[in-house]
Structure formats: structure tokens, C-alpha cells
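Q: Here is what each chain is made of, one letter per residue.
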Amino acid sequence: MQKITREQLLDRAVALLSDGTVNSVLGWQKGEFDYDVTPHIFKSADELKEGFVWNDFCYANFSKYLVLKTDRIEGKLLVFLKPCDTYSFNQLLTEHRFDREKVYAIGVGCEGMVDVNKLKAAVDGISSIEATEEGLKVTTIYDDEPTVVAIENVLLERCVNCKSKKHVAYDELMGEEGEIIDSARFDEVAALEAMTADERFAFWQNELSKCIRCNACRDACPACTCENCVFNNPNSGVETKAPVTSFEEQMFHIIRAYHVAGRCTDCGECSRVCPQNIPLHLLNRKFIKDINECYGDYQAGEEVGMRAPLVDYTLEDLEPGEVLNRRGEDA
Amino acid sequence: MRKCSLEKINLVFAEIAKAYTLYLPTDQNDSSAKFTKWEEGSVWSNALNTVRSPKDFFFPQAEDLMEFKVEGKNIDITDIRQESEDFVIFGVRACDVKSFEILDRVFLVDPVDSFYASRREHGIIVSLACTKPSETCFCTTFGIDCTEPAGDVSIWKTETELYWQANTEKGEKLLSYVDSLTEDANTKAVDEQKEKTSVVMKKLPLANLTTDGFGAGKTMELFNNEAWDELSQTCLGCGTCTFVCPTCQCYDIKDFDTGNGVIRYRCWDSCMYSEFTKMAHGNNRLTQKERFRQRFMHKLVYYPENNDGLYSCVGCGRCLAKCPISMNIAKVMKKIGGEK
Amino acid sequence: MNMREETLIPKVGVITDVRIDTPDIKTFRVVTPDGKKAFDHRPGQCAMLSIPGVGEAMFSITSSPTNEEYMEFSIKKCGCVTEWLHQAEVGQQLTIRGPYGNPFPVDDVFAGNNMLFIAGGVGLAPLRSVINYCRHYRDRYGKIDIVYGSRSKDDLLDYKEIIDEWATDAGVNVHLTIDNPQDGWDGHVGFVPNYVKELGFDTDKIAVLCGPPIMIKFTLEGLRALGFEKTQVYTTLELRMKCGVGKCGRCNVGAKYVCKDGPVFRFDELDELPDEY
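Chains as they are written, first to last, in my numbering: chain A, 1 to 331; chain B, 332 to 671; chain C, 672 to 948.
Since the hints were derived computationally from the structure, they do not count as laboratory data. All C-beta atoms in this analysis are idealised placements derived from N, C-alpha and C, irrespective of residue type, glycine included. There could be a bad hint or two in this list.
Here chain B is said to cover these stretches of chain A; the calculated rule only asks that three of the stretch's residues, wherever they fall, bring their Cβ under 8 Å from a Cβ of chain B [unchecked claim]: (1) 37-46; (2) 120-131; (3) 210-219; (4) 273-287.
The shape of chain A in the complex, shown without the other chains (with noise of 0.2 Å):
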């Protein structure tokens, strides 16, 4: 459940509407269902009361929506950021990627957001959702009891491993401002390491051949902002819509990790919005886990104009050599 109330971040959109602080607001829409939320560009007081919504279901990161949006927009965009989003809101602007002074952020507290996937398997037939102390009042369309549903249960990857409460953007902060978090986000990722190469290529290889191909991840990727795409360019010559052969199905993540590596900020959307389910955050993760290991910690878009580790040289890098040497054999 959440701190904040939609009510107050309402209230305060309403107001910097009127008052004329901004043209208009990147929010959350409310769906048919109570968990369908879409991000939607409120343009008046009005459509703001009868659509926004603030639930436990804005998982949505809006960051990368500032790339387009602020562009074709007159005067200010109102935009809410939960922690994990402002990481990607500097990342972008570290990469001068949208106009600042186009955006007015309002940072929201987060108590972590709910993966519908897991709701849906604990809960089959949901006809509303109720956020409560004790958890998601969940009922159903067959006329069963209601069931309530822990929410830690039912979080999304992301948060269940969150990094960080704390917001590191923002003109005005809604609810408390909380820490960075020393996260267990890396566990599963040293549980890959642990495996032999044979088991780690068996595991990938399972994974990505699920791919369908939807190009969501890249689309969702808030580190995914080139204007032409390689994968979607003819002219780029590794155009690909399918895979051909088991080694492009893993070519494609791989080149999408490795493009993203240093700037990536482990948001998780990648995961989140994946149809197939595919963990590709764990493909991300690991360069973060390696970068960390090789060159110090680093947190990507903790700061506007930071250098990340890979596009910088200190004294102090490793030699490649020992980049290659430094888990043994297995590396």
C-alpha cells in the first residue's frame, strides 16, 4: 500500500496546472481493471479527477517518455518520479537527451509496486483490488471470498531488490524522503557465476529462446533512446526480426546488454514488460556487478554528469588481463 494518496499527488497536480507551472501531466491512467494503469498526458483539472490514479499498479518508469514528449509539448510537463525512475531521469540528462527546463518533476515516495503476473497466478479471475494494512483485497468474478494477498509476495523483481527509496531528482518531493538500500540485487547474478559455463550457456540459451521478437525491452529501456535503432534499420545491415539461427536469439540481448552497459540503471523494465518472461535484467545486472567489482562502485544516473567508468580512464583501471584473470579460469 502506498504512503502517499493519490489524492494528494492529485491535489497537486490540479494546482500546478492551475497556477500555470506546467501545461500538462504525465500520469497514471486508471484501465478497465484495477491493475491495468496506462501512462497517459492529462491536459486539464477535469481529466485529471476523472483518470489519474495512484495505486500500487504504477509501475510504469516515465523517464524515457520525457525523450519524445517534452519535445512536442508547450510550456512545462509535469511528471511523477518514484525513486528508481529518477536514476533514469538523470541517466537521460547526464545524456542530454531531454530539455530540463521543459519538466517539472515531483518526486513520489514508493512502498514498491506489484508484478501482475504474480498476482495472477495467486489470484485467478480478479475483479477488483483493494489496497489495505493487511495486504491486496483481491476479488473475483466467480463470486469466491475475497482473498488477501501479503503484498511482499507479489512485488515485482525490482522492488522485492530495491535499490533505492531515496530520489535523486526532483523540484519537489511528495512523503518522506528514504535511503539507498544495500540491496540482495546481485545474489541471483552470483548464483549464475557459481554455475559452470555449460550451465550458464543451458540457462541462457533457455531463456532466450523465448524471444518473440517484440522488441519491448528495447522499447521500454529508458538507456534505449537511439532515434534508429540498428535492429530496426535496413540499411544497418544486422536488421532482424526473427532469429535465423540460435545465434542471432542470443546475439540480439547480449548487443542490447552490452549497448546499454554503463548507462543502464537497473530499473527493471526490461523484465517487467517482457511477454515471455525472459530475467534480462540478470544480463544487465551482471555488467553492473562486473563494473562495480572492476572499477569501483557505480550507480547509474545517481548524478547528472557523471562518467561512467567505461567512457572514462583513471589511473587506478584494471589492465584488461585482469579483467580476464580475475575470477580464474571460469571468468
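Got chain A; can you put chains B and C on it based on the hints?
A: Showing chains B and C alone in chain A's frame:
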């Protein structure tokens, strides 16, 4: 109508698998279900439906069409087509069975797509009636009765029994292989089940979704509807909706140089992609709004116009469950069409 | 399963002649390896040509169906496939499949009528087939007017054929124009739409238009101003195509597929379709 005890189900599968390659939904480690090839030990999933639709069986994500050998100025074309072998898809829901009819009207009209036709002719569909629809289901909007699925054989699963009814010659033949495992049955249990399911169907959140306002002849009115801007404004332009959709059938044809000849292959394509209509000298759909509009206009207006009023949506709900931003055909229909 | 027909599997074709028409347009003559025409077609129909490993694309068949020896394609260099073709030599093989699309109604609607053909640039390519068809069956058609314009004299496609054959035919009037004055050009200078208005045609004819979208737009306006009804004016469209048979799903304008229901459309038919071409 025939029936067999659910306790015998693995014997039934084994018997069918002797005569055909058998595919059925099985649970995956991420709590989703997927059609997989039956083998000893396979467990039939209880899930309502698979994440990927069974269109893959007839229209796979990628398939090789032909091969070329290029030597100097000369080209040699090799026809690599193979006639499909007989196979059974077991446990297809009514909505997905309907999707095959929609695909047929694309691939089996003149000139017939021989790749699709071969698989379609050799595929035997065993459909499964629904008992526990999901909140995302809206098959009734498109006139589909989930308790009366079509297909070569229809089956109804109760707590203890499986009821079978052959609808076609192919289906009769399939049933003959499991004759000794099944017995004659009356329709009482099935009728009761249908009754119970119909009650749930009426209570579904999308039960009132209607196609009124869509269909043939609505092109100009709906194309110019102002709501497309708003509906499409946060669309990411990914292809998830099109690829999980059982009726989306757009494809691309591409060449792949293996270094030892060229393979021309076909793969799924999506009207949501920015380069879908891009030509050497321009693109007639430059914005995501135009691409987004195309997808829904095709399903709700263009396809019915060309196909006797049949809509190109079966209400399976996959796009509702999988769109990264939860924008989908139900929201589009409500916004620009309306509700009963 | 090779017993089943499959339109996606092409035939092999051979380039037997390459004519340099303009700095960026070449005309390719294509037959099968045994020297025959790959297939019969009607004026306005298209074919899919491909170079394995490079790609496949749809082209108008510019030669007339009355030519029983070979097919010709006038191709402007503008993308992967066309660039590759432009460096191809005589003897080069390619693949060919078709014919695709609906033809101009030459034997019913056009028969017995005066004809006005208006083309700009490479837009003459799809019209050459129907023009030569009408010239072949000269007695079935009334007076024929051809208005053709391009950027410069060097950019006029089929110039030799136009001057030597079309312009010398009885009852055929050729009106050429180029965008800007040029040494060695004593003909008309100006854009096609304006020239059409200047020429001021009577409305007792059927008009067929092809060229860049902007030329089509203004020429149609010009014809309307002269009193032509949209039911008298035809054009041919081009959109991205992959299959050629209305299945791959990308060349639709509204419920019509350009590859199957087009490329030939009458302007009143286009009015019924969304402006998305």
C-alpha cells in the same frame, strides 16, 4: 459423445502420440503455460490459456521459404518445402479456434499460401471448452461461445471426466485411436457445465463490450476519429500486442546470406514498427498514431469489410495481459465505439 | 510437396539488355533463361524482382503486353535493390514473380475513348505499358495526348522512343516539358500541372496520371478546373510491399491492398479511402 476418466488422460495422450505428433499446454517455470510436444511424463496444464497463441503451429514466428545458390551471374532456386506431417494440437480454446478461421481467410484465399495450407491440412485441432474465464476475456463480443468450441474434436473437462465430441472426419479418425479408452456418454454433465460457465460469462467485466459502431463502411468516420491521438500517445511502438495476438498475421520476407547460399525466410512483422511501411523514398505512416490506428482499424473495420463482417479479434485477452503500457483493443473500442 | 503452387517462389530471369535512360533511371530487359517471357501480364500490372541476398521489390512492368518477346522495367536508383540492379550487367540473373495487381481497364472502360496520359519523371514507367498497348490497338482508341515532364531533358525517360515512335504516330500528340530552361531545349519549360492547364484539354477523354505525389495532387486539381470528373481520371499507387498478394499486410490504404486491389485506382475510388498513401 464419448467420455473417459481424467485418471486415464496420460494413457489417452500416449495413444494419440502413437499416431500423431501431439502438442498440449504444459506449465512453465514462470507459472505460464505453453504448447509443448507431448512426451512421457508431460503434464497437461490447468491454465486458462497459453501466453503464445497456437497460431505458431500454422504461421510460425520464422520459417524458411526457399534457398538460392548464387554463382557469378547465375542464380539457382531450390524449393525446400516439405509436406507437413499430421499433428494434433490438444486443448485449444474456443477463441483460438476461431482465430484459425480468421487466418484461413488470409492465407487460404487465392493465391493459397502453400506453407500455411500444408500445416493447416495436417493439423488436427482438439478444442477445450472454458469453465473459468478470466476477467480479460471478451470472446462473446465477437460471437464466440467458449462453452461450445469448434475444431475437429471438442472436449469438455469436468472434475473427474473428459467428454469428447468429434466434429469432422479428421476428428472421428483421431477419436478412433482412443476408442478403447473412452465410452459412450450422455450430455448431462456437459450441459450442466455450460450452464454454469454461461453465468460467469455474463458477469465478466468486459461483457458489455460491443462491436456496434465498427465494421464495414466505417472507414472514413473512424479513421478520422480524434481519439486516436490520445489513445496512442504513450504507445511504445513495440510489437508485443501483434506477436501475442492469435489473429495478427502481417509478415516480412527477408534474405539471410549463410555464406553458403542465401535463405529467403518469412517472419512475423508488426504494423506497430516504425519501418513497417518504410520505402526507399518515404513512409506513408510516419507517426506512432498512424501505426497504432492501422492495427485497430484493420481488426475492426478493414478486415470485416473484406471478410463478410467477420472481425479480426477473438477476445482472447492476450494483449490486455501483455501490453507494457496496458493499452489494448478493449480500451480502444470503448473509447471510440462505446458500450451497450 | 512441390505439387502445390506457391506464388512466393519466383522464377529465374536474365537481364538481356540494359538501357541508360537518364542519370538515375535504367531500363532492364528481362526474359527467362530459355529466352521466353516469364509470364503474361496486362497494362499497369507489376512484378516482384529480387536479387537473392539483397532483397525483393515491386516494379511496374513498363513494356506492353503486346510485346511477346520480353518484359522491360524502368528502374530509378533509390534503394538497396535498385542500386544493386543499376550496377548489373547483361547476363545477370535475377528472380521474377507476378503478375500482380489490377490492370488499367484498357479493353472495356478505355476502349473507344480519347486518352490523355500525364506523367512526371519515372512516373512514365507504369504508363508506357498502357500507352504502347493503346498504340498497338490504335483503332480501338480515339485521339491520344501524352503530357510528360521531368527535371531536365536528360531526365526524360524513353526520350528516343517518344520522339521516334510516339510523336510520329497519327492521332498521337506528345507534349513534353522540363522544369527549367536548358541549352539545346526549345520545347516547353514549366511544371506538368501548369502545362496541363495551359494545354486546356477538352473533357471528352479519360486521363491517366502518374508521378510524384505533389505532381499528382496539382495535376488533378488542374484537370478538375478544366471540368474533368474524378471518375474520368485514373492513377497508379505505390506503397511498400513484400508478398504482392494481399497477405503480408503492409500496402493497405483503408481496406484496399495496393498490390491486389491496386495499383490502379480511379480518383473517385481514392476519395472513399483514408489519405494514407
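Q: Each hint: holds or not?
A: Going through the hints against the structure:
no., hint, in the structure
1, 37-46, "holds (count 5)"
2, 120-131, "holds (count 6)"
3, 210-219, "holds (count 7)"
4, 273-287, "holds (count 4)"
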